[in-house]
Amino acid sequence: MVTVKDYQSPVTPTWCPGCGNFGIHQAVKTALAELGLEPHQVMLVSGIGQSSKLPDYTHANGFMTLHGRAIPCATGVKLVRPDLKVIVHSGDGDGYGEGMGHMVHAARRNIGIVHIAHNNQIYGLTKGQYSPTSAQGTRSSTSPEGAIDRPVNPLLIALAAGATFVARAFSKNVRELADIIKAAVQHRGYALIDVLQPCVTFNRVNTYEWYGERVYPVSQEPDYNPSDLNWALRTAQIWGDRIPVGILYQTEDVPAYEEQVPALKAGPVGLRPIRPIPADKAQALKAAYM
Amino acid sequence: MKNDMTFVLGGEAGQGVESTGAGFALALARAGLRVFAVPDYRSRIRGGHNFFQIRAGDYEFFSHDERVHLALALTREAVDFHVRQLVPGGAIVYDPALKVDKSGWPDGVQDFAMPVADLVQQAGGSKLMLNTAMVGIAAGLTGLDLRFVEGVIEDNFGRKRGESLAEANLKVARAAYDYARAHFAERFPFKLEPVDAPKRLLISGNPAMSLGALAAGCQFVAGYPMTPGSPILEMISAKAAEFGVVTKHTEDEIAAICMAIGAGRAGARAATATSGGGFSLMVEALGLAGMTEVPVVIFEVQRPGPSTGLPTRTEQSDLMFVLHASQGEFPRIVLAPGTIEEAFRDGWRAFNLAEKYQCPVIVLSDHFLATSLQTVPPEALDFDGVVIDRGAMLTPEQLDAMEGEYKRFAFTDSGISPWAPPGHPKGVYRSASDEHDEYGSIEENATNRRRMMEKRMRKLETARADMLPPRLYGPERAAITFVSWGSGYYPVREAMRLLAQQGVSANFLHITDIWPFPAQAVAEALRGAKRIVAVESNYTGQMAGLIRRETGIHIEERILRYDGRPISPEYILRGLEEA
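In order, the protein sequence lines correspond to chains P and H.
1 is the number of the first residue of the first sequence in the numbering used here; add one for each residue after it.
1001 is the number of the first residue of the second sequence in the numbering used here; add one for each residue after it.
Just chain H, same shape as in the assembly:
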């Protein structure tokens, strides 16, 4: 078997499982292979069991899967956990000093006990380099040219942390590689070879979305750290000085969204990033943005709730929450990208929509999309396709020519009132979280209230023109029609591929622009479908419920997952059989 396998590197928190795994994934990507890698870690700094799973191949696939060909175990717990995942002929690598119990091992698993710690020591490395040794072993067993691993080690350790650290890691990798090649490679049936392919990026959803925000010319980002949303503030902060972005780590999430709204009120492109718990704190201010018609973008990277839930795991259970959060009724736009391309695209589109419709825009991601590393063509981050549209923003010339007092909240057919950033003598206005008149002054008059409600809500109807319809993948007519949203894209597309191999036709309706809901397009796509199956990472089937509410179509068959783990293609296939 060549160029089709999954590795898993397992160990304790603090053993560098994730960073090493990401490094190995990059080495594979540089060898021209396609990669889909999923980190699995616990909410702790030391101990426990973490792993990093990397699928690599030279053909088109869409997600991780449940087969494991090579398990690299740094702890006894890792051995026990991963040995059960191995396919026949697959191998487990561990140090015999771990004294593992092999009694429950499945048949057909190869025992590749190697003196990993001794190899590291003899090569002059430290205990922290066991992970590097494992990567060297993986290259040795699979026949992957070590220079791909060496290149990543040089990049990661060479420039940043001094040459000696790079040198030591290179020696360890080489020693482990040579040992594995000499003693075990012959018995390992799964091989990797470099592929002459166009260069790909290895990236996950969080950075793709952050780059989208940068591409939009975002000028302000505030946030309070919360897994898995924190990397957005971190990544934009790293580029803040270069791209002219003010970033602020605030005292809490309430301050974060309020600062973003303040910046938006001051005419800047502003955003905040958080997860469900932080968004819970932001809810009141969401209504402030809705009422005062301030553009603001909220990146909400979901994790399992309720409350603290499973901090480092995945779920799509905040859909209903973000659609309804905050008291009263006001327009909001909700986007849920599923792919890297969409994460980048919605990262910049959100700012245009927020300014065009002068309302909060929530970009709903999740841990699975945010953290899974995947290879994509460089065009997936389509900087050339970025359009800047600030909507009905008044220019200084328009303000110069304006007669009478500025009506910031003027009644219009579209619901959109021209907006002025502060600083022009004729653009002076006040705005209030209270109901207000066209000038922005507090006003309780019933007629005004009715007209103002209608004006604001009309924006949502106007915004429909900018909403992207759901996309149908696969044949027009099929035996099975999957419906999913956001990161459900990956396992569903992969399940379709597996079903096609079994001769079962399936298609897939992927909903990415969620609010205003594309009811007509969804209804049309589902009309005449033979067997509709909703696939979601939540308990109640929130999207299926929304579809029923908005279209009347009841999707009875649902494949739901709420154990915090990403849906795998096999999970879907099993779900189909159980139905």
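The following block holds chain P by itself, in its conformation from the complex:
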């Protein structure tokens, strides 16, 4: 039986005490263990940022790539090894700033990766600049008079791009987050989980208390219907005094990208033994030029 301990790495996290990343880390390991997945069946792909160090602290296949580029790197993994469970860890700067374009395309492709966005509304690794999800007016070293940009709504963008699984979670509620991750890993296609995560060092506004007062299970909505895109589009806009968490939208009606690739019908191409082309096939290739 797989346990959380199987995902234990000898490396000690360098995150600040109380960092929201700890909850996310625990939830991921819990979800994978409860799904009976072993570390060699999983690939964690990250960008650059505090959140993106998570693969270093986890015993599983891990690939820590470039700022903003975790999604295309993960897509490459999935396209040759669809048998692997591929999970992207990115931050709000990493995934919603530098890499936002890739997220839109991953969503419309419905590529089978789980995208866990560690959203703390601030840049941690570079020490406290405002991020794409920072509220308007946020004062930071790069917005000393208050941010003029309005924040992105990643859930709306994902839904508009055609995402087939869109969820929001709070990093403190590890059990709920683990359940959402389990659903996302088993989902057919691209799954976005936007995880609200306090930054105890640089974000003095969006604290544990701030979130604790606001988050509520989205399933408490009287007309809760995560199979209805229009309902999800409306609900994704609720933000302020109350913030819904849970699965906002899921459909299994859209096949995953990798299910539709002709070369993958015979199994993962990355496992195909590499051999020279037989003489008759080589001859046929040449004949096209005669």
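Hints listed in this document are in silico derivations from the structure and should not be mistaken for laboratory results.
Do not rely on the hints blindly, as some may be mistaken.
Stated by the list, open to error - The calculated lysine-lysine pairs, modelled on DSSO-like cross-linking and capped at a C-alpha distance of 27 Å, are:
no., chain 1, residue 1, chain 2, residue 2
1, H, Lys1426, H, Lys1455
2, H, Lys1426, P, Lys182
3, H, Lys1239, P, Lys281
4, H, Lys1191, H, Lys1171
5, H, Lys1407, H, Lys1426
6, H, Lys1239, P, Lys286
7, H, Lys1455, H, Lys1407
8, P, Lys172, P, Lys182
9, H, Lys1199, H, Lys1002
10, P, Lys286, H, Lys1199
11, P, Lys5, H, Lys1426
12, H, Lys1239, P, Lys265
13, P, Lys5, P, Lys172
14, P, Lys182, P, Lys265
15, P, Lys172, P, Lys127
16, P, Lys5, H, Lys1407
17, P, Lys281, P, Lys265
18, H, Lys1127, H, Lys1171
19, H, Lys1099, H, Lys1127
20, H, Lys1199, P, Lys281
To be verified - A few chain P residues that face chain H, going by a derived Cβ cut-off under 10 Å, partial list only:
no., residue
21, Val11
22, Gln41
23, Gly68
24, Arg69
25, Gly97
26, Gly101
27, Val254
28, Ala256
29, Lys265
30, Val269
31, Ala288
As the list claims (entries may be wrong) - Non-contacting residues of chain H with respect to chain P, defined by C-beta distances greater than 10 Å in every case (computed):
no., residue
32, Asp1058
33, Leu1165
34, His1183
35, Asp1196
36, Ile1388
37, Ala1521
38, Tyr1539
For every residue, glycine included, the Cβ atom is placed at its ideal position computed from N, Cα and C.
Following the hints, put chain H in place on chain P, whose structure we already have.
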């Protein structure tokens, strides 16, 4: 004059100049002639002036040249442009309805005005078949048996687009052929006859390289369309289902290389194809592959820059760029094939080198090599010679027997650490674009950093054993020693042939494996050379500069071209005279 001539078919974009020219080149190749054909087109879908130049002969030659014997002009602009290229006795074919101005025509040019549009109409063809008529006329004037042209028309139109289209084109070709034969053939001195020769392929660099990649068992190719690199993704996509390759047209070039690197990290043979502009976007990820020791192949088909430059033309100006692209220092391998044989060979070799040395391998081609159609013996695509070498890849048995935690980035004498594709319980590891320790964990320790840098860079020294030395063509000692790289091969070899006819001895050092640089071999080959001339398609003489940096040999005399047009043998001869 028999079996030695150059045709040019000129017209607007949208008139089928390139496809018709390629079809005629194939007809000539099937007649047993050697062919070297160069497309020249502008970056537009309609209008402008495009042409397709075909040299055909029954003797060994190496490139196009500047002589034109028969110009087939579909527009007035084409008449004005090509009439000036004609040799004495050469002819220009055009429809008198174009109302051309003949005042500036050179002496000795033959005026073959023919009612081309009427011929097409009378044969029941459409306006789009003017190009077919021109090919029929060319066959009629040169005496080439029409069945070679008919065979290509049948292949191109018959199977794909319905019999009636083939039928109409055949009628047009026949009518034009008969007309040209009856009214002008007698006055046209340049003739073609089929040659009883072994069958040759008619192919250009892009497909040769793509077939090389397929032969390597490439499993993943991602790309974003950019001239002239796009055909590589297109050609492999066409064969993807049959050969088990996943191909992906991505949202941009950053995604393309990142997907290829992801696929490489997952243990697959992966590549991307682009041109200089796309490669510019890929630069950061190149360093990712270098740092995380992921094998990846990048086909970079150069065009003139900077920025958008001349999108549909040729240049070799990205050499210094690919050698230095991305921050920091890491090993990379750069190959620059010059011939079809080399394009195929480097197409598969690149994957072996990438996996053996666990680093990015850049195959640097250019528009001239990528698009020039040439006849080669079938053995030039040497599928039998393909070797698959995945380097220090751990087998499941080796992983079963492994004790302790897997050190993906183990320090070794060669710099090469055994690598494991994901999927084995003992092959689990993490890798980071940050500096890392032997296990792959982020590590800033100074000693570790020094050792890790040295381990990675050591791979480059180890890789020297696999690098092919530059090749010397011609006599050991000669009055002139040319130095060139990549597609410079063609005009230089042809210039040597012309010089030999003038009694001037020349030899040629062709550098194809560029990095790690074969400094010793280059220095030895150039030692004692009487007159060294670098030939390159760029402004600064990048290879000459690299040779100076790596060997101390300063090549003062340089024949450089940077107007976007391929270097011709005559360009080199003029360059020698000007020196």
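Structure-based check of all given hints:
1. H:Lys1426 <-> H:Lys1455: Since the Cα atoms of Lys1426 of chain H and Lys1455 of chain H sit roughly 23 Å apart, the hinted pair holds (cutoff 27 Å).
2. H:Lys1426 <-> P:Lys182: 25 Å, holds
3. H:Lys1239 <-> P:Lys281: Holds, at about 11 Å.
4. H:Lys1191 <-> H:Lys1171: Answer holds: Lys1191 of chain H to Lys1171 of chain H is near 23 Å, not above 27 Å.
5. H:Lys1407 <-> H:Lys1426: 10 Å, holds
6. H:Lys1239 <-> P:Lys286: 13 Å, holds
7. H:Lys1455 <-> H:Lys1407: 14 Å, holds
8. P:Lys172 <-> P:Lys182: 17 Å, holds
9. H:Lys1199 <-> H:Lys1002: 20 Å, holds
10. P:Lys286 <-> H:Lys1199: Distance ~11 Å between Lys286 of chain P and Lys1199 of chain H Cα, so the pair holds.
11. P:Lys5 <-> H:Lys1426: 16 Å, holds
12. H:Lys1239 <-> P:Lys265: 15 Å, holds
13. P:Lys5 <-> P:Lys172: Judged against 27 Å, a Cα distance of about 20 Å means the pair holds.
14. P:Lys182 <-> P:Lys265: 26 Å, holds
15. P:Lys172 <-> P:Lys127: Holds: Lys172 of chain P and Lys127 of chain P sit about 22 Å apart, inside 27 Å.
16. P:Lys5 <-> H:Lys1407: 21 Å, holds
17. P:Lys281 <-> P:Lys265: Given pair Lys281 of chain P, Lys265 of chain P holds - Cα atoms ~20 Å apart, limit 27 Å.
18. H:Lys1127 <-> H:Lys1171: Holds, at roughly 14 Å.
19. H:Lys1099 <-> H:Lys1127: Given pair Lys1099 of chain H, Lys1127 of chain H holds - Cα atoms ~18 Å apart, limit 27 Å.
20. H:Lys1199 <-> P:Lys281: 18 Å, holds
21. Val11: 5 Å, holds
22. Gln41: 8 Å, holds
23. Gly68: 8 Å, holds
24. Arg69: Check passed: Cβ of Arg69 of chain P comes within 5 Å of chain H, closer than 10 Å.
25. Gly97: Violated: closest Cβ of chain H sits about 14 Å from Gly97 of chain P, beyond 10 Å.
26. Gly101: 6 Å, holds
27. Val254: Violated - the Cβ of Val254 of chain P stays beyond 10 Å from chain H, reaching only about 18 Å at its closest.
28. Ala256: 14 Å, violated
29. Lys265: 8 Å, holds
30. Val269: 4 Å, holds
31. Ala288: Status holds, d = 8 Å.
32. Asp1058: 18 Å, holds
33. Leu1165: 21 Å, holds
34. His1183: Consistent with the label, His1183 of chain H stays out of reach of chain P, its closest Cβ about 34 Å off (over 10 Å).
35. Asp1196: 16 Å, holds
36. Ile1388: Since the minimum Cβ distance to chain P is about 5 Å, Ile1388 of chain H lies within 10 Å and the statement is violated.
37. Ala1521: Holds: least Cβ distance 29 Å, greater than 10 Å.
38. Tyr1539: 32 Å, holds
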